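J.: Sequence:
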Amino acid sequence: MNHLDEVLEHTLRTGDSMYEKDSEINELPRYFTIQLGRMWDEMQNRLTKKFDKVSHPLQLDLYGHCSDEMKLKLQAAREVAESGALGSSYMDIDQFDSTVPKKQLTGIYNLVAVVTHKGPTANLGHYVAWVKQANETWIQFSDDMTSTHEDSEILELSGGADDQHVAYIYLYKAQLI
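For the sequence shown, position 39 matches number 33 in our numbering, and the numbering has no gaps at all.
Everything labelled a hint here was simulated from the structure, so no lab data went into it.
A hint or two may mislead.
Straight-line alpha carbon distances no greater than 30 Å define the calculated DSBU-like cross-link-like pairs of lysine-lysine that follow [what the hints assert, rightly or not]:
id: 1; residue 1: 167; residue 2: 47
id: 2; residue 1: 44; residue 2: 126
id: 3; residue 1: 97; residue 2: 43
id: 4; residue 1: 112; residue 2: 43
id: 5; residue 1: 44; residue 2: 167
id: 6; residue 1: 97; residue 2: 67
id: 7; residue 1: 112; residue 2: 47
id: 8; residue 1: 67; residue 2: 126
id: 9; residue 1: 126; residue 2: 112
id: 10; residue 1: 97; residue 2: 126
id: 11; residue 1: 65; residue 2: 97
id: 12; residue 1: 126; residue 2: 47
id: 13; residue 1: 112; residue 2: 44
id: 14; residue 1: 167; residue 2: 126
id: 15; residue 1: 65; residue 2: 112
id: 16; residue 1: 167; residue 2: 65
id: 17; residue 1: 97; residue 2: 167
id: 18; residue 1: 43; residue 2: 167
id: 19; residue 1: 112; residue 2: 167
id: 20; residue 1: 167; residue 2: 67
Fair warning: this is a prediction, and the values are worked out from it, not measured in the lab.
With the sequences and hints as input, model every part of the structure.
T.: Set out below in C-alpha coordinates:
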(Lines of atoms letter the chains of each structure in order from A and count residues from 1; the text may use other names and numbers.)
(Lines give C-alpha, C1' and ligand atoms only; values in the text may rest on other atoms or scores of the structure.)
Protein backbone atom coordinates (compact mmCIF):
# COMPACT_ATOMS: atom_id res chain seq x y z
CA MET A 1 0.00 0.00 0.00
CA ASN A 2 1.50 3.37 -0.95
CA HIS A 3 1.12 6.49 1.18
CA LEU A 4 -1.63 7.88 -1.04
CA ASP A 5 -3.79 4.83 -0.31
CA GLU A 6 -3.30 5.51 3.38
CA VAL A 7 -4.47 9.10 2.88
CA LEU A 8 -7.61 7.76 1.19
CA GLU A 9 -8.46 5.80 4.34
CA HIS A 10 -9.31 9.10 6.09
CA THR A 11 -7.32 8.50 9.25
CA LEU A 12 -7.61 11.27 11.83
CA ARG A 13 -5.13 11.31 14.69
CA THR A 14 -5.75 13.28 17.86
CA GLY A 15 -3.50 13.04 20.90
CA ASP A 16 -2.93 9.44 21.95
CA SER A 17 -6.14 8.24 20.29
CA MET A 18 -6.62 7.23 16.70
CA TYR A 19 -9.96 7.32 14.95
CA GLU A 20 -10.48 5.73 11.57
CA LYS A 21 -13.33 6.15 9.17
CA ASP A 22 -13.55 4.04 6.04
CA SER A 23 -15.70 5.41 3.26
CA GLU A 24 -16.81 3.74 0.06
CA ILE A 25 -17.18 5.51 -3.25
CA ASN A 26 -20.67 5.25 -4.75
CA GLU A 27 -20.05 7.34 -7.86
CA LEU A 28 -16.76 7.97 -9.65
CA PRO A 29 -15.88 11.34 -11.18
CA ARG A 30 -14.14 11.82 -14.51
CA TYR A 31 -11.35 13.65 -12.68
CA PHE A 32 -10.21 12.75 -9.17
CA THR A 33 -8.39 15.40 -7.15
CA ILE A 34 -6.39 14.76 -4.02
CA GLN A 35 -5.24 17.71 -1.92
CA LEU A 36 -2.85 16.92 0.88
CA GLY A 37 -3.17 18.99 4.04
CA ARG A 38 0.46 20.07 3.99
CA MET A 39 -0.06 23.68 5.06
CA TRP A 40 -2.04 23.32 8.27
CA ASP A 41 -1.18 21.59 11.53
CA GLU A 42 -4.44 20.30 13.01
CA MET A 43 -2.77 19.33 16.30
CA GLN A 44 -1.43 22.82 16.94
CA ASN A 45 -4.21 24.61 15.00
CA ARG A 46 -1.78 26.81 13.09
CA LEU A 47 -0.31 27.43 9.66
CA THR A 48 2.79 25.33 9.10
CA LYS A 49 4.37 23.41 6.25
CA LYS A 50 4.68 19.64 6.50
CA PHE A 51 7.64 18.06 4.68
CA ASP A 52 6.69 14.41 5.23
CA LYS A 53 7.52 12.27 2.23
CA VAL A 54 4.27 11.03 0.64
CA SER A 55 4.66 8.73 -2.34
CA HIS A 56 2.11 8.82 -5.14
CA PRO A 57 1.44 6.45 -8.03
CA LEU A 58 1.28 7.46 -11.67
CA GLN A 59 -1.79 5.24 -11.90
CA LEU A 60 -4.39 5.03 -9.14
CA ASP A 61 -6.90 2.18 -8.95
CA LEU A 62 -9.95 3.19 -6.88
CA TYR A 63 -11.78 -0.12 -7.36
CA GLY A 64 -10.91 -1.31 -3.85
CA HIS A 65 -12.37 1.90 -2.38
CA CYS A 66 -15.72 1.50 -4.19
CA SER A 67 -19.04 0.24 -2.82
CA ASP A 68 -20.22 -3.19 -3.95
CA GLU A 69 -22.80 -1.51 -6.22
CA MET A 70 -20.12 0.62 -7.89
CA LYS A 71 -17.83 -2.41 -8.29
CA LEU A 72 -20.60 -4.18 -10.22
CA LYS A 73 -20.87 -1.19 -12.57
CA LEU A 74 -17.11 -1.25 -13.17
CA GLN A 75 -16.71 -5.01 -13.58
CA ALA A 76 -17.51 -5.38 -17.30
CA ALA A 77 -15.22 -2.53 -18.33
CA ARG A 78 -12.40 -3.87 -16.14
CA GLU A 79 -12.71 -7.35 -17.65
CA VAL A 80 -12.42 -5.91 -21.17
CA ALA A 81 -9.41 -3.80 -20.14
CA GLU A 82 -7.69 -6.73 -18.37
CA SER A 83 -8.27 -9.10 -21.29
CA GLY A 84 -6.20 -6.87 -23.53
CA ALA A 85 -8.99 -6.74 -26.10
CA LEU A 86 -8.43 -3.01 -26.48
CA GLY A 87 -4.72 -3.25 -27.07
CA SER A 88 -2.54 -0.80 -25.22
CA SER A 89 -4.59 2.33 -25.87
CA TYR A 90 -7.63 3.54 -24.02
CA MET A 91 -10.11 6.15 -25.13
CA ASP A 92 -9.32 9.65 -23.98
CA ILE A 93 -11.94 11.09 -21.67
CA ASP A 94 -11.68 14.49 -23.36
CA GLN A 95 -12.23 13.19 -26.89
CA PHE A 96 -15.98 13.27 -27.46
CA ASP A 97 -17.43 11.44 -30.44
CA SER A 98 -21.22 11.02 -30.54
CA THR A 99 -20.92 8.03 -32.91
CA VAL A 100 -19.04 5.98 -30.32
CA PRO A 101 -21.07 4.30 -27.55
CA LYS A 102 -20.82 5.91 -24.13
CA LYS A 103 -17.41 5.28 -22.61
CA GLN A 104 -17.25 3.28 -19.42
CA LEU A 105 -15.27 4.02 -16.30
CA THR A 106 -12.82 1.38 -15.12
CA GLY A 107 -11.99 2.81 -11.70
CA ILE A 108 -8.42 3.37 -12.90
CA TYR A 109 -7.06 6.91 -13.00
CA ASN A 110 -3.86 8.29 -14.54
CA LEU A 111 -1.96 11.16 -12.97
CA VAL A 112 -2.15 14.17 -15.32
CA ALA A 113 -1.16 17.14 -13.14
CA VAL A 114 0.59 17.96 -9.88
CA VAL A 115 0.92 21.24 -7.97
CA THR A 116 3.99 21.49 -5.76
CA HIS A 117 5.35 23.98 -3.25
CA LYS A 118 9.06 24.56 -2.83
CA GLY A 119 10.21 26.61 0.10
CA PRO A 120 10.95 26.58 3.83
CA THR A 121 7.53 27.61 5.21
CA ALA A 122 3.86 27.87 4.33
CA ASN A 123 4.33 31.65 3.99
CA LEU A 124 7.55 31.58 2.00
CA GLY A 125 8.12 29.61 -1.18
CA HIS A 126 6.96 29.06 -4.72
CA TYR A 127 4.13 27.06 -6.30
CA VAL A 128 4.83 25.12 -9.51
CA ALA A 129 2.49 23.19 -11.83
CA TRP A 130 3.45 19.97 -13.63
CA VAL A 131 1.17 18.83 -16.49
CA LYS A 132 1.34 15.62 -18.52
CA GLN A 133 1.14 16.11 -22.28
CA ALA A 134 -0.42 13.78 -24.87
CA ASN A 135 3.09 12.64 -25.89
CA GLU A 136 3.63 11.32 -22.31
CA THR A 137 6.17 14.00 -21.34
CA TRP A 138 5.57 16.36 -18.45
CA ILE A 139 5.83 20.14 -18.65
CA GLN A 140 6.86 22.08 -15.56
CA PHE A 141 5.31 25.57 -15.39
CA SER A 142 7.24 27.86 -13.07
CA ASP A 143 6.18 31.47 -13.63
CA ASP A 144 7.29 32.29 -17.18
CA MET A 145 9.68 29.33 -17.46
CA THR A 146 8.83 25.85 -18.74
CA SER A 147 10.83 22.65 -18.91
CA THR A 148 10.15 19.04 -19.88
CA HIS A 149 10.36 16.07 -17.52
CA GLU A 150 9.85 12.29 -17.42
CA ASP A 151 7.59 10.13 -15.24
CA SER A 152 10.49 9.19 -12.97
CA GLU A 153 11.00 12.85 -12.06
CA ILE A 154 7.32 13.28 -11.22
CA LEU A 155 7.55 10.38 -8.77
CA GLU A 156 10.27 12.33 -6.95
CA LEU A 157 7.90 15.22 -6.10
CA SER A 158 7.01 13.54 -2.83
CA GLY A 159 8.70 15.96 -0.44
CA GLY A 160 11.12 15.24 2.35
CA ALA A 161 12.96 18.57 2.75
CA ASP A 162 12.41 22.31 2.32
CA ASP A 163 14.68 22.51 -0.73
CA GLN A 164 12.59 19.92 -2.60
CA HIS A 165 9.28 20.22 -4.40
CA VAL A 166 6.55 19.01 -2.06
CA ALA A 167 3.43 17.73 -3.84
CA TYR A 168 0.32 19.50 -2.60
CA ILE A 169 -2.40 18.69 -5.16
CA TYR A 170 -2.73 15.67 -7.49
CA LEU A 171 -5.13 15.55 -10.45
CA TYR A 172 -5.99 12.10 -11.81
CA LYS A 173 -7.95 11.53 -15.01
CA ALA A 174 -10.30 8.55 -15.46
CA GLN A 175 -9.23 5.80 -17.82
CA LEU A 176 -12.19 4.79 -19.98
CA ILE A 177 -12.92 2.03 -22.42
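J.: Does residue 167 sit within 30 Å of residue 43, going by the straight-line distance between their CA atoms?
T.: holds (27 Å)
J.: Keeping to a limit of 30 Å between CA atoms, is the pair of residue 97 and residue 43 held or broken?
T.: Outside the cut-off at roughly 40 Å; violated.
J.: Keeping to a limit of 30 Å between CA atoms, is the pair of residue 126 and residue 112 held or broken?
T.: Satisfied, since the Cα-Cα distance of roughly 20 Å is no more than 30 Å.
J.: CA of residue 126 to CA of residue 47, is that 30 Å or under?
T.: Holds, because 22 Å separates the two Cα atoms, which is no more than 30 Å.
J.: Measure nothing beyond the straight line between the CA atoms of residue 112 and residue 44; if it is 30 Å or shorter, mark the hint as holding.
T.: Given pair residue 112, residue 44 holds - Cα atoms ~11 Å apart, limit 30 Å.
J.: Against the 30 Å threshold, does the CA-CA distance of residue 44 and residue 167 hold or violate the hint?
T.: holds (26 Å)
J.: Taking 30 Å as the top limit, are the C-alpha atoms of residue 97 and residue 67 close enough?
T.: Judged against 30 Å, a Cα distance of about 12 Å means the pair holds.
J.: Would the hint linking residue 97 and residue 126 be met if the CA-CA limit is 30 Å?
T.: Roughly 22 Å between the alpha carbons, so the hint for residue 97 and residue 126 holds.
J.: Are the Cα positions of residue 167 and residue 65 separated by 30 Å at most?
T.: Given that 30 Å is the threshold and the Cα spacing comes to 18 Å, the pair holds.
J.: Within a Cα-Cα threshold of 30 Å, do residue 67 and residue 126 meet the stated pairing?
T.: Cα-Cα ~28 Å, so holds.
J.: Given the hint that residue 65 pairs with residue 112, test it: the Cα-Cα distance must not exceed 30 Å.
T.: violated (38 Å)
J.: Decide if the proposed pair is consistent with the structure: residue 167 and residue 67, CA atoms, cutoff 30 Å inclusive.
T.: Holds - the C-alpha atoms of residue 67 and residue 167 are around 18 Å apart, at most 30 Å.
Violated hints, in rising order: 3, 15; the structure is consistent with all others.
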